[in-house]
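Enquirer: Take a look at the letters that make up each chain.
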Amino acid sequence: METARPPASASALAAFFVVLAALTALGFAAISWLPVVASEHGPGVDRTIVYILVVTGVLFLVGHAVLAGFVWRYSRGGTPEYRPLSPKVEWSWALLPVLALTVASEVGVLVIGGPAWSQIYGETPAGALEIEVVGKQFEWLVRYPGKDGRFGRTAAELVHDVRNPVGLDKKDPAASDDVVLRGALHLPEGRPVVVRLRSLDVLHSFAIPELRVKQDIVPGHLGRTQFRPVRAGSYELACAELCGLGHYRMSGKVVVEPAPEFERWLREQAGWFE
Amino acid sequence: MIESSGHEGGHEAPRGFLRRYVFSTDHKVIGIQYFLTAVVMALVATVLAMLIRVQLAWPEKAVVAPETYVSLVTMHGTLMVFFVVSLALVSGFGNFLIPLHVGARDMAYPFLNMLSFWVIVPGCVLMLASFLVEGGAAAAGWTAYPPLSALGKAVPGSGLGQTLWLLAMALFIASFTMGGLNYVTTIVNCRTRGMSMMRLPLVVWTFLISAVLGLLSFPALTAAAILLLLDRHAGTSFYLPAGLVFGNETLPHQGGTPLLFQHLFWFLGHPEVYVLVLPALGIGFEVIAAFARRPPFGYRLSVYSILVIAVLSMIVWGHHMFVSGMNPYLGKYFSIVTVLITVPFSVLGLNLIASLWRGRIRLDAAMLFALGLVSAIGIGGLGGLYLGTATSDLYFHDSYFVVGHFHFTIGTVTFFGIYAGTYYWFPKMFGRRMDEGLGRVHFWLTVTSLFPMFLLMHYQGLGGLLRRTYDPTVYAYNAAARGLNLSITLLAFGLGAGQIVFLVNLFRSMFAGERTGENPWQATTLEWTTESPAPHGNWRREVPSAHRSPYEYGRNGGAEDFVLQSAEKA
Amino acid sequence: MNGNGATLATRPAPLGLLGVLATVGMLFAAFTAAYLVRRTAADWRPVALPAIAWANVAVLVSSGAAVEAARRTGRGPWLLAGLGLGVAFLGGQLLAWRDLAGRGVFLATGPHGSFLYVLSAVHGAHVLAGLGALAYAGARPAALGTASAFWHFVGGIWLYVLVVVSVL
Ligand code: HEM
Ligand SMILES: [Cu+2]
Ligand SMILES: [Cu+2]
Numbered sequence: 340m341e342t343a344r345p346p347a348s349a350s351a352l353a354a355f356f357v358v359l360a361a362l363t364a365l366g367f368a369a370i371s372w373l374p375v376v377a378s379e380h381g382p383g384v385d386r387t388i389v390y391i392l393v394v395t396g397v398l399f400l401v402g403h404a405v406l407a408g409f410v411w412r413y414s415r416g417g418t419p420e421y422r423p424l425s426p427k428v429e430w431s432w433a434l435l436p437v438l439a440l441t442v443a444s445e446v447g448v449l450v451i452g453g454p455a456w457s458q459i460y461g462e463t464p465a466g467a468l469e470i471e472v473v474g475k476q477f478e479w480l481v482r483y484p485g486k487d488g489r490f491g492r493t494a495a496e497l498v499h500d501v502r503n504p505v506g507l508d509k510k511d512p513a514a515s516d517d518v519v520l521r522g523a524l525h526l527p528e529g530r531p532v533v534v535r536l537r538s539l540d541v542l543h544s545f546a547i548p549e550l551r552v553k554q555d556i557v558p559g560h561l562g563r564t565q566f567r568p569v570r571a572g573s574y575e576l577a578c579a580e581l582c583g584l585g586h587y588r589m590s591g592k593v594v595v596e597p598a599p600e601f602e603r604w605l606r607e608q609a610g611w612f613e
Numbered sequence: 037m038i039e040s041s042g043h044e045g046g047h048e049a050p051r052g053f054l055r056r057y058v059f060s061t062d063h064k065v066i067g068i069q070y071f072l073t074a075v076v077m078a079l080v081a082t083v084l085a086m087l088i089r090v091q092l093a094w095p096e097k098a099v100v101a102p103e104t105y106v107s108l109v110t111m112h113g114t115l116m117v118f119f120v121v122s123l124a125l126v127s128g129f130g131n132f133l134i135p136l137h138v139g140a141r142d143m144a145y146p147f148l149n150m151l152s153f154w155v156i157v158p159g160c161v162l163m164l165a166s167f168l169v170e171g172g173a174a175a176a177g178w179t180a181y182p183p184l185s186a187l188g189k190a191v192p193g194s195g196l197g198q199t200l201w202l203l204a205m206a207l208f209i210a211s212f213t214m215g216g217l218n219y220v221t222t223i224v225n226c227r228t229r230g231m232s233m234m235r236l237p238l239v240v241w242t243f244l245i246s247a248v249l250g251l252l253s254f255p256a257l258t259a260a261a262i263l264l265l266l267d268r269h270a271g272t273s274f275y276l277p278a279g280l281v282f283g284n285e286t287l288p289h290q291g292g293t294p295l296l297f298q299h300l301f302w303f304l305g306h307p308e309v310y311v312l313v314l315p316a317l318g319i320g321f322e323v324i325a326a327f328a329r330r331p332p333f334g335y336r337l338s339v340y341s342i343l344v345i346a347v348l349s350m351i352v353w354g355h356h357m358f359v360s361g362m363n364p365y366l367g368k369y370f371s372i373v374t375v376l377i378t379v380p381f382s383v384l385g386l387n388l389i390a391s392l393w394r395g396r397i398r399l400d401a402a403m404l405f406a407l408g409l410v411s412a413i414g415i416g417g418l419g420g421l422y423l424g425t426a427t428s429d430l431y432f433h434d435s436y437f438v439v440g441h442f443h444f445t446i447g448t449v450t451f452f453g454i455y456a457g458t459y460y461w462f463p464k465m466f467g468r469r470m471d472e473g474l475g476r477v478h479f480w481l482t483v484t485s486l487f488p489m490f491l492l493m494h495y496q497g498l499g500g501l502l503r504r505t506y507d508p509t510v511y512a513y514n515a516a517a518r519g520l521n522l523s524i525t526l527l528a529f530g531l532g533a534g535q536i537v538f539l540v541n542l543f544r545s546m547f548a549g550e551r552t553g554e555n556p557w558q559a560t561t562l563e564w565t566t567e568s569p570a571p572h573g574n575w576r577r578e579v580p581s582a583h584r585s586p587y588e589y590g591r592n593g594g595a596e597d598f599v600l601q602s603a604e605k606a
Numbered sequence: 278m279n280g281n282g283a284t285l286a287t288r289p290a291p292l293g294l295l296g297v298l299a300t301v302g303m304l305f306a307a308f309t310a311a312y313l314v315r316r317t318a319a320d321w322r323p324v325a326l327p328a329i330a331w332a333n334v335a336v337l338v339s340s341g342a343a344v345e346a347a348r349r350t351g352r353g354p355w356l357l358a359g360l361g362l363g364v365a366f367l368g369g370q371l372l373a374w375r376d377l378a379g380r381g382v383f384l385a386t387g388p389h390g391s392f393l394y395v396l397s398a399v400h401g402a403h404v405l406a407g408l409g410a411l412a413y414a415g416a417r418p419a420a421l422g423t424a425s426a427f428w429h430f431v432g433g434i435w436l437y438v439l440v441v442v443s444v445l
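Residue numbers (our numbering), protein chains in the order written: chain A, 340 to 613; chain B, 37 to 606; chain C, 278 to 445.
Because the hints were derived from the structure by calculation, they are not lab data. Treat the numbers as computed from the prediction; the structure is a model and nothing was measured. Every residue gets a Cβ at the ideal spot worked out from N, C-alpha and C, and that includes glycine. Watch out, some of these pointers could steer you wrong.
What the hints assert, rightly or not - Quick look at which bits of chain B chain C covers, simulated, 3 or more residues with Cβ under 8 Å: (1) 192-205; (2) 250-263.
What the hints assert, rightly or not - Pulled from the structure, derived: some chain B residues nowhere near chain C, Cβ distances all over 12 Å: (3) PRO50; (4) LEU87; (5) LYS97; (6) LEU162; (7) ASN225; (8) VAL347; (9) PHE442; (10) PHE466; (11) LEU481; (12) PRO488; (13) ALA533.
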């Protein structure tokens, strides 16, 4: 009963799988979708992504090629045989994917991805600039410690949209020179930055795609994240966690500038109570 | 309470329309009731999806308001996961198939079964009613994270809408728990003579493991929901910390932690993915075996893989929280175990592919969808690696990559399982066949729109487009990614149109499809040993016994190339 | 169950019961997890348990003993006694709530108190279910084994809850 050619539907399906896989892979390989990368750990993140792209790309292409090949080849009739496998054959057949995937996936987590993960969550490098970012519906507030280098006390009861957006306590001497800005973040190029993260209301997520930074902000917790911007330029700050109807417009600006310019800019900023 | 109340002896069908088709205890009727309920909910959820897509394609026209958009996304996700896929696939097919497959006349607890269906109906009504209340439907995402979901001040949908959402979910959980109890007891205790566990059709294994996972993981959501309700309405502070400020006013809550909810939610949420995906894979195995005329490759291997997946799925929930501020070592642990899930999944996927080897494939509509399912499980499974690897998830978290990924897994794999199962078992449900030509049209319209659509979303994620954003043009960096939005929306319309073909086919075939006999596909499992549609009590004669493996295809060559599982050994 | 007796086993009750116990057990495990997380917050102030709590335990334990006696002897009065003690336990729990409220501990007063209310309410719901099962078993003695097992489990859960809320 075997025929020379498979029915048209089998050829069509096989072709569909092949074309789908090829075009998908092409779309990943030929177009650089990732935004520019402007932080020290960023290339480590990108490397992890590319590693997984290659591994999954190979599996994806081979898998679809085999699937298409089988559909095409075994739609031509023929007489299948009933031949259950012995457990031994089954297990030895399974060994290959088990080993290959265990190794490939754990290499991605530990060897390729591990270093960048440690950079982000490891020890804070010396000489880091510490700033604070406060998320609230639907706005970013940024606080610099001011000339004394210390963040003043804040309290939720003191928060006022207009007069005191982060709730600075006037009575604390350390607070008077704290610089509070709305929606814009200035950072020095090449210097590590530690960001203290606070939320006034709901969950937000502090995300700077071009710096490969993303860290949720959980109300009630003082969060933190660290990175080192290495390319001067203007980037976008986004909220990456649904925070309400204005979530989509909770954007901000990140200006990375050479250290001297940053210092000059910082000196020009007046404290909130000055 | 737990006494079984099966049919003692007689298999007389109950008389009267109400007892037969509405308040029926017959598992087949209940299965079909679930299925049709899911169809109704799917219509709603799909309309919501189309509205989402319209807004995203033409954000400048502001077709919907921002607060409506968040409600649309929330309700689309909730309905699809819990009230469409769970109902159609797990409750619908599970009820219909399990007794037929294991050789029982009904579920272990038929009354409980009826109850489970009639508990979900008010659940559906509450969910739908929440669109009409003040503030609109829930708007905190299908994940309902507090504080957003806890405070009416945070978003309009967190008023009455969110309360109805929680109550409807409670009804859903109650219904699903009753169903799960029935599945486990029926599969383990009500098998016919000779039906050893290793002779169960694979789809029954997947229903069993899915039910066990559900029983063990849903209580976490129950607890989470109870505490959330209290935070919302009784002034407690389980999730709400001190110092929340809305409109210059500080709320009196203190000490709660929002992360607690996330842990509880995902302790359910991740296993729930497998609760849905495993039965779809099981259907894939059944259909591929019947249409490739080969026993599925590696039966034991598949069973063990399913068990491994089940165990792993309970200990990986933290991968949804890599960037939540959890301890980085904990993050690493979750990452290491999460990516291991790829291993049993790839074994299952390869077994599905290898089942075609040396077969004699017939590409009927059911088989087309089963093969599409194999492709989708590949794409979804591999996509999981990007998100399970903590370092890359840092970039992909809450982006459209995630949206693309879970639409392949809990969206496509499950829907293709449902479609393959519908074309395959329709004769057993209604004694008629679905139209094959329309089935093919449905398949081709579906794959040519669905695959590109959700694949493009992966590119969007790579380009940094964030999910749950009403108007992505606020940002400049995502220009390339959001440029795909119009194409995706057009594809979504195509996909929606394709599903109309299915609906027409479904309802037309119920009344006008070609009549079929007992075993239209020359398949081997026990449901094909009774007439179509299967009568009340499933077999008019004695319940068949199992005498061999469920998949003796390719036995003799020629036309009769199979041996029924109930055939005695020579 | 199947008319022709072709099934492997005809008593699904033990397994169904096991499923119920597993899912109820997981529910209380989830609450325990929540409790352990929540108690690390700065505002955690332990509330003294109502004195009647331990008397309630005694009532619940004796109810369990009575039900057990009913199961072994098959005598109705034992079952009635078990049921009555079960109802008395619920009454005692209400008194315990009154005690808490009398001391100014309401549902939203503090986290420990919140958990006391929530856990006893959720447990009380299961007690109600257990009472229903026992009553059903009164009418259908075949169900007594299952109902009593559930009843002991519910009793055990309450001991467990008390240990959690008083020790941790
Ligand atoms: C008709 C085809 C479908 C289309 C066009 C579609 C489209 C979308 C889009 C665009 C989003 C993201 C919206 C946003 O983040 O702003 C979304 C979210 C979602 N979809 Fe679908 N979807 C479809 C079918 C499904 C199916 C079959 C499922 C099955 C489970 C599903 C489950 C979800 C879930 C869980 C979410 C997340 C909701 C949230 O973020 O809270 N969708 N869908
Ligand atoms: Cu946001
Ligand atoms: Cu997960």
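Enquirer: Compare the structure with each hint and give your call.
Expert: Verification of the hints:
As drawn, the stretch 192-205 of chain B meets chain C at 0 residues by the rule of a beta-carbon pair under 8 Å; below three, the given contact is violated. Counting residues of the stretch 250-263 of chain B whose C-beta sits closer than 8 Å to any C-beta of chain C gives 11, which meets the bar of three, so the coverage hint holds. The claim that PRO50 of chain B is not at the interface with chain C holds, since no C-beta of that chain comes within 12 Å of its own (minimum 16 Å). Non-interface status of LEU87 of chain B relative to chain C is upheld: no Cβ of that chain comes within 12 Å, the nearest being about 35 Å off.
With a closest Cβ-Cβ approach of about 45 Å to chain C, LYS97 of chain B is found to remain outside the 12 Å limit, as its non-interface label requires. Against the 12 Å criterion, LEU162 of chain B stays outside the reach of chain C, whose nearest CB is about 20 Å from its own CB. Listed as a non-interface residue, ASN225 of chain B fails to keep its Cβ farther than 12 Å from every Cβ of chain C; the least gap is roughly 4 Å. Annotated as non-interface, VAL347 of chain B keeps its C-beta farther than 12 Å from every C-beta of chain C; the closest such distance is 15 Å.
Distance check on PHE442 of chain B: its Cβ is at least 24 Å (rounded) from any Cβ of chain C, clearing the 12 Å threshold; non-interface status holds. Remark: the non-interface label on PHE466 of chain B is consistent with the geometry, its nearest Cβ contact in chain C lying 25 Å away (cut-off 12 Å). Non-interface call for LEU481 of chain B relative to chain C: holds, since the shortest CB-CB distance, roughly 41 Å, exceeds 12 Å. With a minimum CB-CB distance of about 41 Å to chain C, PRO488 of chain B clears the 12 Å threshold, and the non-interface call stands.
At roughly 42 Å from the closest C-beta of chain C, the C-beta of ALA533 of chain B stays outside 12 Å, upholding its exclusion from the interface.
Violation of the numbered hints given earlier is confined to hints 1 and 7; the remaining hints are satisfied by the structure.
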